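Visitor: Sequence:
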Amino acid sequence: MNDLLSVEKRLEFLRTQIRHYEYAYYVESNSEISDKEFDLLLEELIELERVHPKLVTEDSPTQRVGGIAASFETITHRVPMMSIENSYTFSEISNWLTRCEKQLHKSPFPVVAELKIDGVSGSFGYNNGKLINAATRGDGKTGDLITANARAIKSLPLSIASKHDMDIRGEIYTPRSVLIKLNSEREKDELEPFKNCRNLTSGTVKSLDPSVTAKRRLGVMVYGIAQGKDLGFDRHSEVMSFLSNQGFKVNHAWKICQNESEIKDFIDDIAAKIDSFDFDTDGVVIKIDDFSKQEELGYTAKAPRWVIAYKYPQKRAITKLKSVEWQVGRQQITPVAILDPVELGGTTVSRASLHNIDQIKEKDIRTGDFVVVEKAGYIIPYIVESLPEKRIGRESIIEIPQHCPSCQLPLSIKKSEDDGSTQIYCGNSSCKGVISRKILHFINQMEIENFGPQLIEKLLERKCVQKTEDILFLNELILSGVERIGSKSAQKLVENIKKAAFKPLFRVISALGIPNVGIVISESIAKAFNQSFDSFLNSDEESLIKIEGIQKTVAGSILSYLKDEENITFLNALKDWWEGPSETIGTITVNNDFFKNKIFVITGEASLPRKEIEEIIKKNGGSVKSSVTAKTNYLVIGSNEPETYNSSKKTKALEHKVDIIDEHKILLMSEQ
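0 is the number of the first residue of the sequence shown in numbering that gives the first Met the number 0; add one for each residue after it.
Hints are supplied without guarantee of correctness; some may be wrong.
Stated by the list, open to error - Within a straight-line C-alpha distance of at most 20 Å, the following computed EDC-like cross-link-like pairs (lysine to aspartate or glutamate) qualify:
#, residue 1, residue 2
1, 140, 547
2, 491, 547
3, 545, 42
4, 597, 547
5, 272, 289
6, 205, 143
7, 618, 592
8, 491, 661
9, 214, 611
10, 526, 143
11, 487, 324
Claimed, not checked - If you anchor each label on the Cβ, the simulated ranges turn out as follows:
#, residue 1, residue 2, range
12, 618, 228, 19 to 27 Å
13, 19, 479, 42 to 50 Å
14, 311, 412, 36 to 44 Å
15, 565, 632, 46 to 54 Å
16, 11, 298, 29 to 37 Å
17, 104, 414, 53 to 61 Å
18, 399, 179, 29 to 37 Å
19, 160, 632, 24 to 32 Å
Think of the hints as simulated: they come from the structure by calculation, not from any bench. Computed from a prediction, not measured in an experiment: that's the story for all the values here. Ideal Cβ positions, reconstructed from N, Cα and C, are used throughout, including at glycine.
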């Protein structure tokens, strides 16, 4: 009994310490101990909880990452998450203040000005001190339940001191430093980089695998409580202080302002610092501090009258257009401006979008021009205008290509059904440039890891693949024959392709690359057809236009794609390959003599989670032990370990003449 008591005390100590260091690092951005010291504490906690499973608590730091879900449930917000009125000039702020003064018959009154984080809005339900649910904003009335993903965000506390039943409102975001690090890793793996922080955040919170969220190190900054007044608070500023005291990450860039002058000073002060923040922001939110006055002002059909957002003007810079590169895409050839490098919004810009040939003609953009470059939403640079007054006579008109930069065959021109713009496209179905982009799009949407542009180019060059469906059935023999692809890398790639077959239907639909059908519309389609691929393939215009977000033009694009003969071949192959989500990805439940009544021990770092390997063994009739003895039949070494890997378990296995196999043997034999 005393031993158990000491274990409980040690567990509580470890949890308290780990929570403290997580709060210091993820909320206060202060690293109090080294990563190694932190990992040792976490490893001790994991081991103690493994030995004493009955002592595991819901709010333990080890319980942040859960299993893979098949789909998202929806939840109705107890208090709607309404939109905010936007303004773009300070005179609009002044007019808003005047309207409030007239309705309240009082002036002045305190307002709270706070930084507007550019992320994904979320609602986090707490009751009796525990995080019980988390949801996206959705349409403001209902949102997707993302509780498992929210638990994986370390700046969001799993437990708090307050026992109130309340919905905390906040913004989920990706730190800029994290985006830079992730993109650096993706470039090494020859993968397409994430476009921006907001897109990465949006895609991550909608991932069905919480371990993805944990790896991407998202953050949450909270800014309010939906039931603030009902809980006894009189002012928004009191709520902000309360949230900070409860251990939430609260944006420190907020201030109580007494008049217009103080609001303007705050907006100007933030504008001067905006590039130094480690998160994206696109403005300042100004709200009446007093809850009773908020109630008096009320709401319009879309937004509260007591709050307004000021949006900063986009970042701009002037630089020189050196040349134009024509980029082969899945659907069209697009012009990309090559610029003299210029600093813009905290990054160096050397390339910018020219959108299409209509934009080049309308803006009279020429090679050699000085141009104004803007970062749309602080992210994607594009050319706003040329500066003809700076021309010296050496500029040249941009020539529209007549032949495809990839296959050299003649190009075609058409009008976009979406916006009427002129598009250049390559009609050659065998064009390597087009095929490469289609394959890359498929791989990115299906989240197939370690499969980048350079590998695709090598496979196309060797004619190992000639169309997207060939990717689905690649094997180790084909891949290991490609330059710089060893047998271990080939095994991993094949595993990653197999894992992708268990992705949800919305990813498959998005991966098809149908014009105007991205992740959001794909999710709506998958839900409308009850996650049935067959139902989607047999859809008609009537069933499609009933789906939210799908107009006749989009329905036409979908039906045109589904009826195309080349696409039908791809869709049939995809249908044979795709398995759909399962509770345990990659697990095969066929019993055979290789596993039956055999004892397995696992060691080293594996590509699959250890629990999945154990489940494969157990479901096929084997058992898993923690240590090697003379009775052990197989020692399984994780595939992420080098051939020179050694451990005490391997030494014992050699002593007892136990068969040593790698993780891939388990997967291979489970398929027999």
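Visitor: Does each hint hold? Answer for all of them.
Guide: Verification of the hints:
1. 140 to 547: Roughly 15 Å between the alpha carbons, so the hint for residue 140 and residue 547 holds.
2. 491 to 547: violated (39 Å)
3. 545 to 42: violated (51 Å)
4. 597 to 547: Violated - the C-alpha atoms of residue 547 and residue 597 are around 53 Å apart, more than 20 Å.
5. 272 to 289: Answer violated: residue 272 to residue 289 is near 28 Å, above 20 Å.
6. 205 to 143: Holds, at roughly 9 Å.
7. 618 to 592: Answer holds: residue 618 to residue 592 is near 12 Å, not above 20 Å.
8. 491 to 661: Holds, at about 12 Å.
9. 214 to 611: Cα-Cα ~19 Å, so holds.
10. 526 to 143: Since the Cα atoms of residue 526 and residue 143 sit roughly 12 Å apart, the hinted pair holds (cutoff 20 Å).
11. 487 to 324: Given that 20 Å is the threshold and the Cα spacing comes to 37 Å, the pair is violated.
12. 618 to 228: 19 to 27 Å: Once the Cβ atoms are compared, 54 Å apart, the range 19 to 27 Å for residue 228 and residue 618 is violated.
13. 19 to 479: 42 to 50 Å: At roughly 48 Å between Cβ atoms, residue 479 and residue 19 fall inside 42 to 50 Å, so the hint holds.
14. 311 to 412: 36 to 44 Å: holds (38 Å)
15. 565 to 632: 46 to 54 Å: Holds, at about 50 Å.
16. 11 to 298: 29 to 37 Å: Roughly 46 Å apart at Cβ, these two residues miss the hinted range, so it is violated.
17. 104 to 414: 53 to 61 Å: holds (56 Å)
18. 399 to 179: 29 to 37 Å: holds (36 Å)
19. 160 to 632: 24 to 32 Å: violated (52 Å)
This entry does not satisfy hints 2, 3, 4, 5, 11, 12, 16, 19, going by the numbered hints stated previously.
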